[in-house]
Each structure stands twice: as structure tokens, then as C-alpha cells.
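Residues per chain are reported as follows:
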Amino acid sequence: MNVAVIVPLLLFLVIIFAVGFMASRSLNKSNNDFMQEYFLGGRQLGGFVLAMTMIATYGSASSFIGGPGVAYTQGFGWVLLSMSQVATGYFVLMILGKKFAIMARRYNAVTLTDFLKGRYQSKWVVLTAAFSIIIFLFSAMAAQWVGGARLIESLTGISYTTSLFIFAVSVLIYVVIGGFKAVALTDTVQGVVMFVGTLVLLIATIVAGGGISNIMADLTAENPDLITPFGADGSLTPTYVSSFWILVGVAVVGLPQVTVRAMSYKSSKAMHRALLIGTIVVGFIMLNMHLIGVFARPILPGIEVGDKVMPLISLEVLPAWLAGIVLAAPMAAIMSTVDSLLLLVSSSVVKDIYINYIKPDASHQRVKNLSFGVTTVLGVLVFLMALNPPDLLIWLNLFAFGGLEATFIWPVVMGLYWKTGNKYGALSSMAVGIGSYIIIDLFFTSPFGMHSVVLPVIFSFIAYVVVSLATKNVAVNDYIAQQKMERSM
Amino acid sequence: MAPKNQDYRFKIANREALIGVALAIINFVWWFAFAYGLGSKPPEEYNYVFGLPSWFFYSCVGGFIFITVLVIFIVKFFFVEVPFEDEDRGDQS
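Residue numbers (the working numbering), protein chains in the order written: chain A, 1 to 489; chain B, 490 to 582.
Any given hint could turn out to be false.
[Unchecked claim] Below, in silico cross-link-like pairs of lysine-lysine (DSS-like), each with a Cα-Cα straight-line distance of 27 Å or less:
(1) LYS500(B) / LYS269(A)
(2) LYS500(B) / LYS472(A)
(3) LYS472(A) / LYS123(A)
[Said to hold, decoys possible] Computed beta-carbon distance windows for the label pairs:
(4) TRP418(A) / ILE514(B): 16 to 26 Å
(5) VAL207(A) / VAL558(B): 21 to 31 Å
(6) ASP496(B) / LEU469(A): 17 to 27 Å
(7) LYS269(A) / LYS500(B): 16 to 26 Å
(8) ARG504(B) / PRO301(A): 49 to 59 Å
(9) ASN503(B) / LEU469(A): 15 to 25 Å
(10) PRO301(A) / VAL558(B): 32 to 42 Å
(11) VAL377(A) / ILE514(B): 37 to 47 Å
(12) ILE158(A) / ARG504(B): 46 to 56 Å
(13) ILE514(B) / PHE48(A): 26 to 36 Å
(14) PHE48(A) / GLY551(B): 20 to 30 Å
(15) ILE514(B) / VAL14(A): 41 to 51 Å
(16) VAL558(B) / THR420(A): 36 to 46 Å
In case anyone wonders, no lab produced these hints; they're calculated from the structure.
As the structure is a computational prediction, the values presented were derived from the model and not from experiment.
By construction, the Cβ of each residue, glycine as well, lies at the ideal position given by its N, Cα and C atoms.
Pulled out of the complex, with its shape left as it was, chain A reads as follows (with noise of 0.2 Å):
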């Protein structure tokens, strides 16, 4: 279709593929502990590309696809709510922070679940983080591949088939390649593409619509409550609106693809670095992007399916050759939050379930070679899955979101700052996470008019602290015999 547009696309595309090359150079190099560079870099990141790759993976194809869709719709009011996520900049790291990474090195541990393993020390724990991260980190990649064949689709034309496997082929040659180095030094390359072509698409989104003084204008004109923080129909209470800070804000702790990177920063320095970027750069995207889909309004009224303003609005008001990089990056988001969930789905399959369970002292070649077979496997499964795509982009990812972290949050933040927590507590919070949060999600959509997370979020704190305490005697013996073993690491 068009030309100029495709370029700069395909362009971007073979950068990330030189990143990625260049990154398992340096993996094929420093062959001494294969786990510890391919699923986690080594822990040698600098606060910048920390900074980056949580932003990346954490900004998805809901936050540049679908979010400022429903703002399109939805008005200030939407802006308003992702508003909540700037938290998240600074908590995650903050509450995580120092422990989590000094307990990570203790422990030895490369994924959420050996961070768990080494706390609890109980196989159940484990076996029921590894297949909570399969299942639901499953469904996200899913939609996440959608958003992103969706988006070549609308740009190109060709079918939604062909695009699907355009982007299911890109992202798997390089992180089947290169493993977290690489996708952490991708992350960075997008991240800063998402952070540029947000600044560029405002401003030529504010200069189209005539000024922003005229843009309200018009969206007054056309309808007052669009301005207004309640939604374009009134539907977004404040009730609702606030317990987003539980699922885009604060929870988000608990989860492992953002966890995992709380593992890999190299020094106490890197950390403050990425604490300082990433409040700036969260907080910068998601106020531009899902301001940009309101704006767009005035501009392309009309638009049926959220998910295709922001390559509309990017066609419109950009010249052709500059939409191509503006749109690489969604793209980049989207490509980045699946390279990370890919891999960590593969590591908990390899590392979580193989190693720990089925054959402990695989060889160092057999491992590799499980590592790349597995996440191979994996990529070829989700696009079979993508390939009948269901419509709600959204809510499957954010189905993902809730149930990691109603499954996670207790365990990990009660774990590192809670000396009675114990494998008990942290069995039967996962349990009540997961249980009530389908439960709630399927039959009682909004209860008390939050957002679905909100009681399994509190029905899991509850749920570990009684059953930690009430299993305190039992648990004595296990943690004198913790204890031991952390003093003779």
C-alpha cells in the first residue's frame, strides 16, 4: 500500500535485528553461566537500559494500541485513569528496591519462582508459580501478538494472516537468539522510539486540530461530558477510575516479567538511575499517548474500532515517510513486551519445571539447547493461538494482568519484608488470588463498582497472613532449616 511508510518499518525491524545479533555474540562469549546471561543479562544492567526494558515491556499493545482507543471514546476521563500507572515508575523499584535484589543474588535465583523457591522452600509454591506464569503470561502474549499483526495489517494491507507471521518470525529470531541481553538492549532501542514518536505524534496531532484551545472546542461542541473525568456516557466513577491504582499503580509488583528485572540491575546506583528515568519517561507516554487518542476526535471523527486510531491518526496527521517511524513505535511496544514474556514463559517451562523437577543435572548443551527448542515451541503455539484472534484485545491482557498479580503480590512483597510469612501462607494466597479472581471476573464483573483485582488482591493479603500465623508452629522447623541454609551459601 504505501510505500513510505513501509521503509521506515522495515528499517526499524533490521535494527532490532543487528541488536539482537550483536547481543548473542556477547552471549556465545561469556559461556561460563549460560541461565544467568540468556534469561537474565547477566545482572550487568545500567540504570538507563533498566529503565528502558521496564518500560518497555510494561508499556504494551494495551498502552498504545487499545488504551488510547478507548480514550478516543472514552474522553479525558480515560486519560485521567491511566494517569494511575505513573506510580508504577517509581513503586516497583522503590518497594522491591534493594531487598529483593540482594535476597535475588542469596538466593541465586533468575526467575520469580526461584526467588519464591528459595524463600518457601516448597516444591508446591513453586510448581504452582511456574504454571500461573505459563497460563496467564500465555494469554497476554496472545493478545499482545494480535495488537501487532493488527497493526501491520492496517499499515500495509496484506492479510492478517501474512502479518501475523511477519511479526511472529522478527520476534522470534531474536530472542531465541539472543536471549534477555538482547532483549534488554532491544527494549532500549524501542523505548526510546516509543518515547520520540509520542513527543512527534502530539505535536503534529495538537497543529492538526488547530490548537488545543480548539480541540476542546470542538470536543465540548460535539459532547461537554468528554472533558468531563466521568466518561463520555458518565460510566467512569470515581470508584472505578481509583481502583485502576490497584492494577495499573501498585500491584503491578507482582508481576513477573516486571519482578525479573528487579533481579538483573547491576548496582545500587543503576537502580536510583532507572527509578529517576523510568518515573519520567512512564509518566511522559502515558499521559501523551492516551491524550493523543482524545485529540484525535475532532480530527478523524467516526472511528468504529479503537484499536485503529492510533495508525489513523499517525497516517493523518504525519507526512508518510514520518507516520513509518512514529508507528514503529507501537510496534516497538508490542515487540517488546512479548520478547520478555516469551522468555520468561520459556524459563519457567525450562528452569522452574525441567531443572527443578524432571532432571536436575541436565547438561550445560542439553539446557541451551531446551532453552532456544522450548521458546521456539512456544512462539510457534501463540501464533497458532493469535491465528483466530479474539476481539478483546483489552480485557485478555488485562485478564492476564489481575491473575499474576492477585497470584504473586503477597508472596513476593510479604516474603521479603514479613519474617512469619511461610510456604503455607504463601500457598494459600496464591490459591485464594487465583481462585477469586476468576471467580469474581467471570460472574461478578465490577464488584462494588471496582475493577475485578480489587478483592483478590485483598482476599489473598488476608488469606497469607491468617494461614502464615496460624501455621506458625508447623513452620518453625522449616525456617531454622532456612535459615541455615541462607548462612551456609
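Chain A is already provided as a structure; the job is to place chain B on it using the hints.
Chain B only, in chain A's frame:
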């Protein structure tokens, strides 16, 4: 090695985690108070700052700038750098 609960780094880590919680609460209150404090009247009575409705400007744009400045200030002056490796034990990474 010193027993786990006497590690000086954990005291620092705990304090910084509490600061994180406090920041999130401040952030939420600022965001909520401006959004619903100024945004709850009918749209015809809205004031505008830089073309944006004032509730939105103070809550989202102003709130973002405020919290960024606060984070920079806190990290610069209250966060302490500590080593992550345990000193008496070489780490292979």
C-alpha cells in the same frame, strides 16, 4: 556472616520501601483531589489552563510534574547506595 535480621542494608531497604508507599499515597491524593474536586461541576463552568480543563491540568499534568520532582528530590537526598553482593562470598555473575 551476620544474621539475616541484622544486615544493615535491610534497614535501608525497609525505609526506602516505606518511602515508596508514602509517595504512592501522596500521588493518589493529589490526583484524586484535583480531578474530582475541580472536575465535578458542570463542564460549562470549567476553567482552562493552557487550553486544558483545569481539573485535568492540575491532576494529570501538574500531578505528574509534582511527583517527578518529588521522586528526584527523594532519591537524591534520602536513598543510600549499598552493595548488593554479600561480602564474604564471591558471586559468580
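Practice task
For ILE514(B) and PHE48(A), compare the CB-CB distance with the range 26 to 36 Å and indicate the outcome.
Solution key: At 29 Å between Cβs, range holds.
Problem - Whether the CB-CB distance between ILE158(A) and ARG504(B) falls inside 46 to 56 Å - result: holds, 55 Å
Handout entry: 27 Å limit on alpha-carbon distance, applied to hinted pair LYS472(A) and LYS123(A)
Key = Holds, because 19 Å separates the two Cα atoms, which is no more than 27 Å.
Problem - TRP418(A) versus ILE514(B) beta-carbon gap, inside 16 to 26 Å or not - result: Given about 20 Å between the Cβ atoms, the range holds.
Exercise for the section: Take the C-beta atom of PRO301(A) and the C-beta atom of VAL558(B), compute their distance, and say whether it sits inside 32 to 42 Å. Expected result: Check passed, 38 Å falls within 32 to 42 Å.
Problem - Pairwise beta carbon distance, ILE514(B) to VAL14(A), judged against the given window 41 to 51 Å - result: holds, 46 Å
Exercise for the section: Given the hint of 21 to 31 Å, check if VAL207(A) and VAL558(B) actually sit that far apart at their C-beta atoms. Expected result: holds, 29 Å
Practice task
Confirm or reject the claim that PHE48(A) and GLY551(B) have a C-beta distance inside 20 to 30 Å.
Solution key: holds, 27 Å
Exercise for the section: Using the Cβ atoms, figure out if LYS269(A) sits within 16 to 26 Å of LYS500(B). Expected result: Given range 16 to 26 Å: holds, Cβ gap about 19 Å.
Handout entry: Outcome for the supplied range 36 to 46 Å, where the beta carbon pair is VAL558(B) and THR420(A)
Key = Given about 38 Å between the Cβ atoms, the range holds.
Problem - 37 to 47 Å as the expected CB spacing between ILE514(B) and VAL377(A), which holds or is violated - result: holds, 45 Å
Problem - Assessment of proposed distance window 17 to 27 Å (beta carbons of ASP496(B), LEU469(A)) - result: For ASP496(B) and LEU469(A) the Cβ distance comes to about 25 Å; the hint holds.
Consistency note: the structure conflicts with none of the earlier hints.
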